[in-house]
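> Given next are the chains, with one letter for each unit.
Protein chains: 2
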Amino acid sequence: MADRDISQAVIRRLPRYYRYLGELVDDEIERISSGELSDKMNVTASQIRQDLNNFGGFGQQGYGYNVKYLYNEIGKILGLDNIHNIVIVGAGKLGMAIANFPSFNNRGFITKALFDINKDVIGSNVHGAPVLHIDALVKFINENDIDIAVLTVPRQGADEVTSLLLKSNIKAIWNFTNKDLVVPENVSVENVHLLDSLMQLSYTITSR
Amino acid sequence: MADRDISQAVIRRLPRYYRYLGELVDDEIERISSGELSDKMNVTASQIRQDLNNFGGFGQQGYGYNVKYLYNEIGKILGLDNIHNIVIVGAGKLGMAIANFPSFNNRGFITKALFDINKDVIGSNVHGAPVLHIDALVKFINENDIDIAVLTVPRQGADEVTSLLLKSNIKAIWNFTNKDLVVPENVSVENVHLLDSLMQLSYTITSR
DNA sequence: TAGATTGTTAATCGATTAACAATC
DNA sequence: TAGATTGTTAATCGATTAACAATC
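The listed protein sequences derive, respectively, from chains A and B. Quick note on the working numbering: the first sequence kicks off at 158 and runs consecutively. Quick note on the working numbering: the second sequence kicks off at 158 and runs consecutively.
Treat the hints as calculated values from the structure; they're not laboratory data. As the structure is a computational prediction, the values presented were derived from the model and not from experiment. Hints are not guaranteed to be accurate.
Where chains are identical, the list cannot tell them apart; a pair therefore holds if satisfied intra-copy or between any two copies.
With a Cα cut of at most 20 Å, we get these calculated SDA-like pairs of lysine to any residue [unchecked claim]:
#	residue 1	residue 2
1	Lys328	Phe297
2	Lys336	Asn199
3	Lys233	Arg365
4	Lys233	Glu317
5	Lys336	Arg176
6	Lys225	Gly179
7	Lys336	Gly249
8	Lys296	Ser164
9	Lys328	Val295
10	Lys296	Asn262
11	Lys336	Asp196
12	Lys250	Ile279
13	Lys328	Ile240
14	Lys250	Val283
15	Lys250	Ser281
16	Lys250	Asn282
17	Lys336	Asn257
18	Lys328	Val182
19	Lys336	Phe258
20	Lys233	Asn263
21	Lys269	Asn299
22	Lys276	Phe215
23	Lys336	Leu321
Given these sequences and hints, build the entire structure.
Have a look at this one:
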C-alpha cells in the first residue's frame with residue numbers, strides 16, 4: 158500500500174465505490190465500464206477513472222473493469238484484507254449499539270472489549286466482548302493488538318480518555334464525541350460529529 | 158434565512174464554528190478576532206471571514222466579533238432557534254441510542270416517537286417517546302409536525318421505509334443506513350455512513 | 001489620532017471535468 | 001479490423017488564501 162498524498166476527497170469516495178461494487182458482485186455482474194458505474198453512482202465517469210488511477214490501472218481498454226477484481230483491489234487499498242481489533246471506550250447506549258453492529262464484524266472490525274467507569278456495566282458482556290474498568294485500558298490495548306479505539310464517552314471525558322489512549326500503542330481513534338481531539342500525527346482520528354451532522358440537516362430545512 | 162448557493166464546504170463548517178463559539182460563551186469571553194479564532198480552530202483567519210461574510214457582516218473593524226452575538230446569529234442560520242420534531246424509524250440499539258442523546262434534546266431536536274415492526278419493542282417507551290408500529294408512521298408525521306425522520310433500520314429495509322416516508326410531509330431524512338437514498342429535491346438527506354467512516358480510518362492506518 | 005481588524009477583491013491552489021490518443 | 005473504453009493530459013471550475021483599502 159502506501160501511496161502518500163492521495164487527496165482526502167478521493168479517500169472519502171473509496172468506501173462508496175466499494176459499496177456499489179459489492180452490490181454488483183452480489184448481483185453477479187462480471188464487468189462494468191466507468192460510464193455505467195457513473196450512471197449508477199451519480200458521479201462523472203471521468204472522476205471514477207481519475208480516482209482509481211491514483212492507485213493503479215485496474216481496467217482494460219475496450220472492456221472496462223472486472224467487478225470482482227476491482228472490488229477486491231479497493232478492499233485491499235482500504236485495508237479490509239486485515240482484521241482490525243477494536244475497543245470501545247464508553248459503554249453507554251451508543252457504545253453498546255456500535256458493539257452490536259453486525260456489518261462491522263463482517264468486515265473484520267472485531268470488538269474485543271468495552272471500557273467504562275460505571276460499576277453497573279463493568280463485568281457484563283456485550284456481544285461476546287467484556288466490559289472492563291477503564292483502568293485496564295492501556296494494558297489491554299497493548300496486549301491484544303488493538304488498532305482502533307472508539308470514543309463514545311460524554312464530551313467532558315473526551316480529553317482525559319484521549320490522553321490515556323495516547324499512552325498506549327493505539328493507531329487510530331474513531332471519535333464520536335463532539336470535540337476535536339489533539340493527537341500526534343502517528344495517530345489517525347476520524348470524527349463522527351453527530352450533532353454537527355444534525356445541524357447541517359437543520360440548515361438545509363431552514364434555508365429553503 | 159435562505160441565501161441560496163452557499164457552498165457545501167461552508168455549511169459543513171458552520172456547526173464547528175458554532176461549537177467553538179459556544180465554548181467561548183461558556184468561558185465568558187466577550188469578543189474574538191478572526192485571527193484568535195483561527196489559532197484555536199486551526200483554520201485560516203481568511204477562511205473564517207470569508208465563510209461568515211456569506212451570511213452578512215457580523216464583525217466590526219478594529220474590534221473583531223462579539224462572541225455571544227455571533228454565536229446566536231450562527232444558531233439562527235443553522236435553524237436552531239426553531240424546535241425540530243423528530244421520529245426515529247428503526248427502534249434497534251442505534252435508534253434507541255439516538256433517542257437518548259441528551260445533546261439533541263438540548264438543541265431543540267425532540268424525539269416524538271420511534272417506529273418498528275418488532276412486536277417486542279412496540280408499546281414500550283424510550284425516554285418519554287412511544288415505540289409505535291410502522292403502519293402508523295405517515296399519519297403520525299403529518300399530524301405531529303415532524304420535520305426529520307431518522308433512518309436506523311437495517312440496510313435491506315431502507316428503500317421501503319424511504320418510499321413510505323415520501324408519502325408523508327417529511328422535510329428531511331437523517332440516514333444511518335449504508336445505502337444512498339433516492340428522494341425528490343424538496344426532501345433533504347444527510348448521510349451518516351458509519352461503515353464508510355470506519356473504512357476511511359482503516360485506510361489511514363493501512364496507508365502509513 | 002493611531003492601531004487593529006474587518007469586509008472584500010485579487011491571486012493561488014487544488015479538484016473536477018473534458019478531451020483524446022493509446023490499446024484491448 | 002472496428003468499436004469500445006481505458007489511462008492520462010489539458011482545460012475549467014470552485015474553493016482557499018493572500019492582500020489591502022475601508023473603517024471602527
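> Each hint: holds or not?
Structure-based check of all given hints:
no., hint, verdict
1, Lys328 / Phe297, "within (14 Å within a copy, 45 Å between copies)"
2, Lys336 / Asn199, "between (33 Å within a copy, 14 Å between copies)"
3, Lys233 / Arg365, "between (42 Å within a copy, 14 Å between copies)"
4, Lys233 / Glu317, "neither (34 Å within a copy, 32 Å between copies)"
5, Lys336 / Arg176, "between (29 Å within a copy, 9 Å between copies)"
6, Lys225 / Gly179, "within (8 Å within a copy, 48 Å between copies)"
7, Lys336 / Gly249, "within (18 Å within a copy, 26 Å between copies)"
8, Lys296 / Ser164, "neither (35 Å within a copy, 45 Å between copies)"
9, Lys328 / Val295, "within (13 Å within a copy, 45 Å between copies)"
10, Lys296 / Asn262, "neither (23 Å within a copy, 37 Å between copies)"
11, Lys336 / Asp196, "between (38 Å within a copy, 16 Å between copies)"
12, Lys250 / Ile279, "both (14 Å within a copy, 19 Å between copies)"
13, Lys328 / Ile240, "within (14 Å within a copy, 40 Å between copies)"
14, Lys250 / Val283, "both (11 Å within a copy, 12 Å between copies)"
15, Lys250 / Ser281, "both (14 Å within a copy, 17 Å between copies)"
16, Lys250 / Asn282, "both (14 Å within a copy, 15 Å between copies)"
17, Lys336 / Asn257, "between (24 Å within a copy, 19 Å between copies)"
18, Lys328 / Val182, "neither (31 Å within a copy, 34 Å between copies)"
19, Lys336 / Phe258, "between (23 Å within a copy, 15 Å between copies)"
20, Lys233 / Asn263, "within (15 Å within a copy, 42 Å between copies)"
21, Lys269 / Asn299, "within (12 Å within a copy, 44 Å between copies)"
22, Lys276 / Phe215, "neither (52 Å within a copy, 48 Å between copies)"
23, Lys336 / Leu321, "within (16 Å within a copy, 35 Å between copies)"
The structure fails hints 4, 8, 10, 18, 22 (numbered hints given earlier, in ascending order).
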